[in-house]
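Chemist: Each chain, letter by letter, is given below.
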Amino acid sequence: MKKRGKGIACIFYGTGYGNGFPDVSRAYARLLKDGKVEISVGATEVGQGAKTVMVQIAAETLGLSDKDIVLINEDTSKTPDAGTAAASRQTYNTGNAVKIACENLREKILDEAVKLLGVNTKVGLHIKDGLIHVKSYPSRNVSLKEIAENNKELKAEGIFTAQTTQMDENGQGAPYWPYTFASCAVEVEVDTETGEVKILRAKHVLDVGRAVNPTLVEGQIDGGFAMGVGYALMEDIGLKEGRMTNGSFEKSIIPTSLDIPEIEKVLIEYP
Amino acid sequence: MNLKKIDVNINGKDYCLEVEENLRLIDLLRDKLHLTGTKEGCGEGECGACTVIMDGEIVNSCLVLAFQADKCRIITIEGIEDEIIKNSFIEEGAVQCGFCTPGMVLAAKSLLDKNLNPNEEEIREAISGNLCRCTGYNKIVSAIKKAASIKRGGDSE
Amino acid sequence: MNELKIVGKSIKKIDAKDKVDGTAVYPQDIYLENMAFGVTIRSTRPHAYIKVDTKEAEKIDGVIKVFTYKDVPGKNHHGVVLKDHEVFASKKVRRIGDPIAFIVAETKEIAEYAKNFVKVEYEEIPAVFDPEEAMKEESPKVHDRDNVFYHFKIRRGDVERAFLECDVIVENVYKVPMVDHAFLQPEAGVAYLDEDGRVVVIASTQYPHFDQEEIAESLGVNKDMVRVLTPAVGGAFGGREDITVQIHLAIAALTLKRPVKTIYSREESFLAHSKRHAMKMYYKTGALKDGTLLALEAKIIGDSGAYASWAMNVLRKAAVHATGPYYIPNVKVDSFAVYTNNPFTGAMRGFGATQVPIAYEQQIDILAEKLGLTPIEIRLKNCFREGSETSTGQILEGFIPLERCIEELKSF
Numbered sequence: 001m002k003k004r005g006k007g008i009a010c011i012f013y014g015t016g017y018g019n020g021f022p023d024v025s026r027a028y029a030r031l032l033k034d035g036k037v038e039i040s041v042g043a044t045e046v047g048q049g050a051k052t053v054m055v056q057i058a059a060e061t062l063g064l065s066d067k068d069i070v071l072i073n074e075d076t077s078k079t080p081d082a083g084t085a086a087a088s089r090q091t092y093n094t095g096n097a098v099k100i101a102c103e104n105l106r107e108k109i110l111d112e113a114v115k116l117l118g119v120n121t122k123v124g125l126h127i128k129d130g131l132i133h134v135k136s137y138p139s140r141n142v143s144l145k146e147i148a149e150n151n152k153e154l155k156a157e158g159i160f161t162a163q164t165t166q167m168d169e170n171g172q173g174a175p176y177w178p179y180t181f182a183s184c185a186v187e188v189e190v191d192t193e194t195g196e197v198k199i200l201r202a203k204h205v206l207d208v209g210r211a212v213n214p215t216l217v218e219g220q221i222d223g224g225f226a227m228g229v230g231y232a233l234m235e236d237i238g239l240k241e242g243r244m245t246n247g248s249f250e251k252s253i254i255p256t257s258l259d260i261p262e263i264e265k266v267l268i269e270y271p
Numbered sequence: 272m273n274l275k276k277i278d279v280n281i282n283g284k285d286y287c288l289e290v291e292e293n294l295r296l297i298d299l300l301r302d303k304l305h306l307t308g309t310k311e312g313c314g315e316g317e318c319g320a321c322t323v324i325m326d327g328e329i330v331n332s333c334l335v336l337a338f339q340a341d342k343c344r345i346i347t348i349e350g351i352e353d354e355i356i357k358n359s360f361i362e363e364g365a366v367q368c369g370f371c372t373p374g375m376v377l378a379a380k381s382l383l384d385k386n387l388n389p390n391e392e393e394i395r396e397a398i399s400g401n402l403c404r405c406t407g408y409n410k411i412v413s414a415i416k417k418a419a420s421i422k423r424g425g426d427s428e
Numbered sequence: 429m430n431e432l433k434i435v436g437k438s439i440k441k442i443d444a445k446d447k448v449d450g451t452a453v454y455p456q457d458i459y460l461e462n463m464a465f466g467v468t469i470r471s472t473r474p475h476a477y478i479k480v481d482t483k484e485a486e487k488i489d490g491v492i493k494v495f496t497y498k499d500v501p502g503k504n505h506h507g508v509v510l511k512d513h514e515v516f517a518s519k520k521v522r523r524i525g526d527p528i529a530f531i532v533a534e535t536k537e538i539a540e541y542a543k544n545f546v547k548v549e550y551e552e553i554p555a556v557f558d559p560e561e562a563m564k565e566e567s568p569k570v571h572d573r574d575n576v577f578y579h580f581k582i583r584r585g586d587v588e589r590a591f592l593e594c595d596v597i598v599e600n601v602y603k604v605p606m607v608d609h610a611f612l613q614p615e616a617g618v619a620y621l622d623e624d625g626r627v628v629v630i631a632s633t634q635y636p637h638f639d640q641e642e643i644a645e646s647l648g649v650n651k652d653m654v655r656v657l658t659p660a661v662g663g664a665f666g667g668r669e670d671i672t673v674q675i676h677l678a679i680a681a682l683t684l685k686r687p688v689k690t691i692y693s694r695e696e697s698f699l700a701h702s703k704r705h706a707m708k709m710y711y712k713t714g715a716l717k718d719g720t721l722l723a724l725e726a727k728i729i730g731d732s733g734a735y736a737s738w739a740m741n742v743l744r745k746a747a748v749h750a751t752g753p754y755y756i757p758n759v760k761v762d763s764f765a766v767y768t769n770n771p772f773t774g775a776m777r778g779f780g781a782t783q784v785p786i787a788y789e790q791q792i793d794i795l796a797e798k799l800g801l802t803p804i805e806i807r808l809k810n811c812f813r814e815g816s817e818t819s820t821g822q823i824l825e826g827f828i829p830l831e832r833c834i835e836e837l838k839s840f
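Chains as they are written, first to last, in my numbering: chain F, 1 to 271; chain L, 272 to 428; chain D, 429 to 840.
If you're looking for bench data, these hints aren't it; they were derived computationally from the structure. Treat the hints with care, since some could be wrong.
As the list claims (entries may be wrong) - Below, computed lysine to aspartate or glutamate pairings styled on EDC-like, alpha-carbon distance capped at 20 angstroms:
(1) K416(L) x E262(F)
(2) K67(F) x D446(D)
(3) K717(D) x E588(D)
(4) K440(D) x E362(L)
(5) K603(D) x D236(F)
(6) K303(L) x E540(D)
(7) K6(F) x E789(D)
(8) K433(D) x E362(L)
(9) K240(F) x E695(D)
(10) K603(D) x E241(F)
(11) K433(D) x D68(F)
(12) K437(D) x D34(F)
(13) K433(D) x E103(F)
(14) K581(D) x D168(F)
(15) K440(D) x D66(F)
(16) K128(F) x D111(F)
(17) K437(D) x D111(F)
(18) K603(D) x E789(D)
(19) K511(D) x D499(D)
(20) K727(D) x E169(F)
(21) K708(D) x D236(F)
(22) K303(L) x E537(D)
(23) K536(D) x D353(L)
(24) K275(L) x E537(D)
(25) K128(F) x E561(D)
(26) K240(F) x E561(D)
(27) K445(D) x D353(L)
(28) K536(D) x E362(L)
(29) K6(F) x D793(D)
(30) K36(F) x D443(D)
(31) K581(D) x D66(F)
(32) K3(F) x E695(D)
(33) K240(F) x E789(D)
(34) K198(F) x E391(L)
(35) K433(D) x D129(F)
Take these sequences, add in the hints, and give me the full structure.
Modeler: Below, the structure written as structure tokens:
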């Protein structure tokens, strides 16, 4: 017989290393001769979209297009340490380091623009599409390329440390920040003779802060959901006296396209 | 080791090669020809990362011996010029770590070459031999739907 | 807030084009001039003293060198928190899969063939596979210390008194097994010396700067002499936090002064990297008639396998998340990380916060059923809101939208 049922679950999750561990990300921003900006950061792209997100954050902060950002993240001799690509920490922690580096670079660029534009202060200058304008008189402007040509090298660093505190001997303290929240619902069909469970549909609601790239966020929900399905219904390395009896893809089953339903995804955004 | 002589067409180019009897097709492609878009994820035909199209059918190149490709036409990811499928994968967010992607694109290509109007189930069936650990498959399914729609002459949305 | 122009937009993933074209370079895709190939000899026993003889293998034509612990120029250890992994097992293996030797040969075929000629003599000793057994005084010791290497406590309110006040108490034991990350790209890497004499290691990793430090320590060189290049990484999920190929390749490249490559098979990948912690979770949860959660007591035992990796942090995270996202005024949690002779466990997506929901969410559903409440009602009654205090006494400030997350499910 086949029976159907629905269930829900909620979680919270503290991001980052936590518990007072030095959770530091560093990034460099540098104005290149062609007016583009190079971001050096040791955040690894493991598929999650770190490269894309860092470029978006840099472009937004500097008023540039994503095409004007050159990302260097693949060589430890060229990039500063941005911590590990884990614990959901790269977008928040390293993203903030990139933002700070770009804000610092922006100030230096504006200082130079003051000289070239012949204005008395950088207050009221803003960067748009690679040009620095006097806000109330936009035809007075100078390009990032001109600024680069007039200067040896403009560069800046950004450092961001996520604040957490170590817990005491009773486990009291503020070990993580920020926490994220989520809820999930599924409807399943169970074959009461074989025990086979089929997931018919699902809904996933996730507190994401501000989604830097909604498609990438949805990709994390889809992928995390599938990994959860595997964990709940099929995966087990099958230990026997220390030996994995399911230590290959032939034996160790992970979900296929046929095991995963479409998922209705809701991103709760703030601000 | 016995060597066998084979004539094989790979991505439209004719090759006349001498291969060891026990050489797998995937090793021929990767190690000898450096067509490294074909990936090895398990070596036992379970994951589909090594998918190539052989005479119009998708096969796991880790399960085919190189000499079995004699007189065959092989298409690897390097030979796929189907920008509609590739762009759909990019636009729909169907790519994360990318290791399954070449195999997925080839599975999609093979499906859409035969059926321009697949339903959801047919799409899921067509890629069910290709494992992906990152995307949960849904965005790959939408990418293939989108590519099919464009190929049928529909608009891109 | 200013209007955002790029943040918030689903721009195309910038590495996607190379990946659909098949031109993205993973470490297995790298072929260099004069490149040798390495394969790893691994322990086949869970707990044994070993003696290794590489002489026969090194006589084989085409074998360049067989590396063992004697060939590690610096420290023969690594580990993300405790340095309890050996680069190559010296006296003792602690799990099936421990690396013992690294054969470097002119070709992969020769290296594979030479595997048959590396003699490893095992003197097996009693092993322990069940963490609760391992916690006992008399059990075999995996390392030269107590198998319980971490105990974390949360103490809040008065659990004993609170359970007396509860109208309903639910008590259950939950067990979750070890699972594998199963990222699609098996470990692989290439190492060589650059023109400045630095050791360059190209490998899929999550944290290149930490790898750089660990490699330098095992090479006995300053870390500026090590460069880690990150190619395309075929998924990670925590499974690339610990060292696998990096140090072996670096030692071989530095010693032989030529490029060396290795690629793990899927089976070896299973043996080489960490697993998700198996956990046994004893849970007791109590509520009042109206569904208000009053008390929770949990004991969580995490199987760390043969090495610590991130176990302390994972078991701590499990404990911090043990209540679920619900306000409970009286909480007592004890979590333990325990060595066994199983595969070692480490980081995997969720990092301890993934195991505990299996327990706390089933507990809350069972409580709801006993109290005649719906799963949504009981959760809305107890869920964290702005200003709620967690079991560690942390006050949740800012935007805490869990209530909204739950409300969203009402229409499902």
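Chemist: Are the hints correct? Go through all of them and say.
Modeler: Evaluated hints:
no.: 1; hint: K416(L) x E262(F); result: 13 angstroms, holds
no.: 2; hint: K67(F) x D446(D); result: 16 angstroms, holds
no.: 3; hint: K717(D) x E588(D); result: 18 angstroms, holds
no.: 4; hint: K440(D) x E362(L); result: 6 angstroms, holds
no.: 5; hint: K603(D) x D236(F); result: 12 angstroms, holds
no.: 6; hint: K303(L) x E540(D); result: 19 angstroms, holds
no.: 7; hint: K6(F) x E789(D); result: 14 angstroms, holds
no.: 8; hint: K433(D) x E362(L); result: 19 angstroms, holds
no.: 9; hint: K240(F) x E695(D); result: 16 angstroms, holds
no.: 10; hint: K603(D) x E241(F); result: 18 angstroms, holds
no.: 11; hint: K433(D) x D68(F); result: 14 angstroms, holds
no.: 12; hint: K437(D) x D34(F); result: 26 angstroms, violated
no.: 13; hint: K433(D) x E103(F); result: 16 angstroms, holds
no.: 14; hint: K581(D) x D168(F); result: 9 angstroms, holds
no.: 15; hint: K440(D) x D66(F); result: 10 angstroms, holds
no.: 16; hint: K128(F) x D111(F); result: 16 angstroms, holds
no.: 17; hint: K437(D) x D111(F); result: 30 angstroms, violated
no.: 18; hint: K603(D) x E789(D); result: 14 angstroms, holds
no.: 19; hint: K511(D) x D499(D); result: 18 angstroms, holds
no.: 20; hint: K727(D) x E169(F); result: 16 angstroms, holds
no.: 21; hint: K708(D) x D236(F); result: 15 angstroms, holds
no.: 22; hint: K303(L) x E537(D); result: 14 angstroms, holds
no.: 23; hint: K536(D) x D353(L); result: 35 angstroms, violated
no.: 24; hint: K275(L) x E537(D); result: 19 angstroms, holds
no.: 25; hint: K128(F) x E561(D); result: 65 angstroms, violated
no.: 26; hint: K240(F) x E561(D); result: 15 angstroms, holds
no.: 27; hint: K445(D) x D353(L); result: 13 angstroms, holds
no.: 28; hint: K536(D) x E362(L); result: 39 angstroms, violated
no.: 29; hint: K6(F) x D793(D); result: 12 angstroms, holds
no.: 30; hint: K36(F) x D443(D); result: 19 angstroms, holds
no.: 31; hint: K581(D) x D66(F); result: 47 angstroms, violated
no.: 32; hint: K3(F) x E695(D); result: 38 angstroms, violated
no.: 33; hint: K240(F) x E789(D); result: 29 angstroms, violated
no.: 34; hint: K198(F) x E391(L); result: 16 angstroms, holds
no.: 35; hint: K433(D) x D129(F); result: 11 angstroms, holds
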